[in-house]
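Participant: The numbering of the sequence shown is our numbering, which starts it at 897 and goes up by one.
Okay, derived cross-link-like pairs now, DSS-like style, lysine-lysine, Cα gap no bigger than 27 Å in a straight line:
(1) Lys1051 with Lys898
(2) Lys1064 with Lys1096
(3) Lys917 with Lys1051
(4) Lys1051 with Lys1021
(5) Lys944 with Lys1021
(6) Lys988 with Lys944
(7) Lys927 with Lys1096
(8) Lys907 with Lys917
(9) Lys944 with Lys1096
(10) Lys944 with Lys927
(11) Lys936 with Lys1096
(12) Lys936 with Lys1064
(13) Lys1021 with Lys898
(14) Lys1051 with Lys907
(15) Lys1068 with Lys927
(16) Lys936 with Lys1068
(17) Lys988 with Lys1021
(18) Lys1064 with Lys939
(19) Lys971 with Lys898
(20) Lys1096 with Lys939
(21) Lys1064 with Lys944
Just so you know, these hints were derived from the structure itself, not from any lab.
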Amino acid sequence: MKHEITPQESKRGQAYSLWIKSPMPMVTLTKTFDITRLQKIAKQRRVKLNMLLCWCIGKAATQIEEFYTLPEGDKLFRYDRIAINVIVNNIKGDINSCDVPFVDDLEQFGSAYTTLTSETRNTCKSIFNEEYMIVGTSAMTATELDSIVNQYTDKFCNPMVMWGRYRKGWFKTTLPISFQFHHVQMDGGHAAQFLEILQKTINAL
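Please model the entire structure based on the sequences and the hints provided.
Facilitator: Right, dumping it as structure tokens:
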């Protein structure tokens, strides 16, 4: 569920005043992650690495209070649930979006991820859930990427986590990940904390 809140009565009141009218309110941070454990588990369990990473992103996001508040137009909304948006290549050669509700149980999330993304792929229809605070993801694995800066549109202010192909070394596998967020939603410190928690979540999986 989501409900509108009064900006000046929220913790993001000052940020709202500073950034809601900004022509470019998005900020992008990039960090190189060690995903050695993630890749190992994906192979052992025969599950998609992308699914595991999406679960880790959701797990980390739920630990940052600011993720649950999001500007939409000139309004500010508070959510009580988070979902991960996945870009799906459909059977027609095009792409669709698929919102996968985050749950703490990895097996349950994995099942929903597989079911929903398969439905999206085969029907060529996007699955949206407007009652969830959506964390967008985009995996561009056709090449290795150092950083990604996404376009900004005032129709989509959600945080976005993006990456390219991982890099396999002798002893570890690394992946640069870019995180874009709206400055009304959170400050750089919150974003940096999210990235730190994400690495710890990957390590502890």
